[in-house]
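What follows is each chain in one-letter form.
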Amino acid sequence: MKILAAKKILKVNDQLAADNRAKLDAAGVFGVNVVGSPGSGKTTLLEALFAELHAGLKPAVIEGDIAGLIDAQRIEALGVPVVQINTEGACHLDAAMVASAMGELDLSAVDVLFIENVGNLVCTAGFDLGERLRIVVLSTPEGDDKAVKYPAIFQGSHALFITKTDLTPHLNFNAQRITADMKCLAPNAPVFQVSALKGQGIPEAAKWLAEKVGGR
Amino acid sequence: MHELSIVDALIEQVGREVHRAGHTGKVRGIELSIGRLSGVNCDSLHFAFELLAPGTLVEGAEIVIHQVKAACRCHACNARVEIDDLVFHCPKCAGDDIIIEGGRDLILQNIEVDDAERVESGE
Chain A
1 MKILAAKKIL KVNDQLAADN RAKLDAAGVF GVNVVGSPGS GKTTLLEALF AELHAGLKPA
61 VIEGDIAGLI DAQRIEALGV PVVQINTEGA CHLDAAMVAS AMGELDLSAV DVLFIENVGN
121 LVCTAGFDLG ERLRIVVLST PEGDDKAVKY PAIFQGSHAL FITKTDLTPH LNFNAQRITA
181 DMKCLAPNAP VFQVSALKGQ GIPEAAKWLA EKVGGR
Chain B
1 MHELSIVDAL IEQVGREVHR AGHTGKVRGI ELSIGRLSGV NCDSLHFAFE LLAPGTLVEG
61 AEIVIHQVKA ACRCHACNAR VEIDDLVFHC PKCAGDDIII EGGRDLILQN IEVDDAERVE
121 SGE
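Protein sequence lines, in the order shown, are assigned to chains A and B.
For the first sequence, my numbering assigns the number 216 to the last residue and increments by one with no breaks.
For the second sequence, my numbering assigns the number 123 to the last residue and increments by one with no breaks.
Since the hints were made in silico from the structure, they are not lab data.
The beta-carbon is built from N, C-alpha and C at its ideal position, and this holds for glycine as well.
Watch out, some of these pointers could steer you wrong.
[Unchecked claim] Computed list of chain A residues with no C-beta within reach of chain B, every gap over 12 Å:
| no. | residue |
| --- | --- |
| 1 | Leu57 |
| 2 | Gly68 |
| 3 | Ser100 |
| 4 | Leu107 |
| 5 | Ala147 |
| 6 | Lys183 |
[Stated by the list, open to error] If you want a taste of the chain A side facing chain B, the calculated C-beta under 10 Å gives, among others:
| no. | residue |
| --- | --- |
| 7 | Ala5 |
| 8 | Val12 |
| 9 | Ala125 |
| 10 | Pro151 |
Okay, chain B solo, but in the shape it has when bound:
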């Protein structure tokens, strides 16, 4: 949902990270972790990137997305089951005394940049 504004913020954040690391060169790749329960559609994210990347430091960069599962923890049967979608009952015992953990975050994991261009940090 609203993947355009997420990618807009991401591109700015990549710029800050690259600058902080003292690089001026091209970004070749960006690795993201997207939680399965984050409400973000990965196809839409790729599409948003195609729209917003041209003319920025991330133009042409490869976007790699790892989709992170959530987990359903059941207090009745003690099971911990990985899930791709929200559940309302334990997948093992169908009980409703459950907690859903994780799977909601959007994380910028790392940025791949060209080796050649680096300036002295501290500027």
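Okay, chain A solo, but in the shape it has when bound:
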């Protein structure tokens, strides 16, 4: 005989992500999942944004890497609370890892929690971490065709940060192309063009972020 279910396949991660989101909401913390390829400039972007965050927004960071403490040490040097997760092989962070790392932070002293994901444009698309906002970071040397090649991660993001814009004169990068593709995939997502090292575009991006956090 047939047992009728007609239910979504429950992904364990989704349950845990919902728990994380509830915990962050209860603590008044706004979660941001930062995704992008290895070397796209995620950590450098965070460093630049922290220098600009207005309205006394207090950040904290969960760093995700396969190995090493390099990124956590950079964030720590700025006096920002940080926890490093070493996945030891897993190609993405998941909600369970983030829950564990959240336990090591004093969330009562935090306004916005940045979760810097493992460098990966593929698998990170499938794992909700409990964030309110997902931002995808794409650097100019990676090329302007990435939204077509890796649609899921761009579609699931609330903003696109094009980084390393200072290198554009040396490249074949067409910002209009990726901006148009992003408009199809995520019509309400703004596209920011920044150079974190030179400071271009950072104040506008920080302002947008502060508005998002404040309007939660």
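Please arrange chain B on chain A, whose structure you already have, making use of the hints.
Chain B in isolation, oriented as in the chain A frame:
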């Protein structure tokens, strides 16, 4: 992508549904709907099932997968076209004012169990 963890969760979910319906017997078949834009590869899903089913209540069960198309709705020409893959322009008029609907879900539709074994529900 990550079909092993999906099948792992599916097997547990099948177990809960079977238990909820008061059955203790063998699962003969599982019917799934997999959206074409869900990012799940059906061959990998079958393979993951072969790896994880032995020793569980779903060992030997036949997995039937219905692949569900998505649709591209165009605001410029009002067309609604079924699609198997993501598009960036309307297949009819090539316009870019489009919305992609559906095709993303993974649904456990039903579970076929042996008739013979059933216990009274309420335990």
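Against the structure, the hints:
no.: 1; hint: Leu57; result: 34 Å, holds
no.: 2; hint: Gly68; result: 24 Å, holds
no.: 3; hint: Ser100; result: 18 Å, holds
no.: 4; hint: Leu107; result: 28 Å, holds
no.: 5; hint: Ala147; result: 8 Å, violated
no.: 6; hint: Lys183; result: 7 Å, violated
no.: 7; hint: Ala5; result: 5 Å, holds
no.: 8; hint: Val12; result: 5 Å, holds
no.: 9; hint: Ala125; result: 7 Å, holds
no.: 10; hint: Pro151; result: 5 Å, holds
When held up to the earlier numbered hints, the structure conflicts with 5, 6 and fits the remainder.
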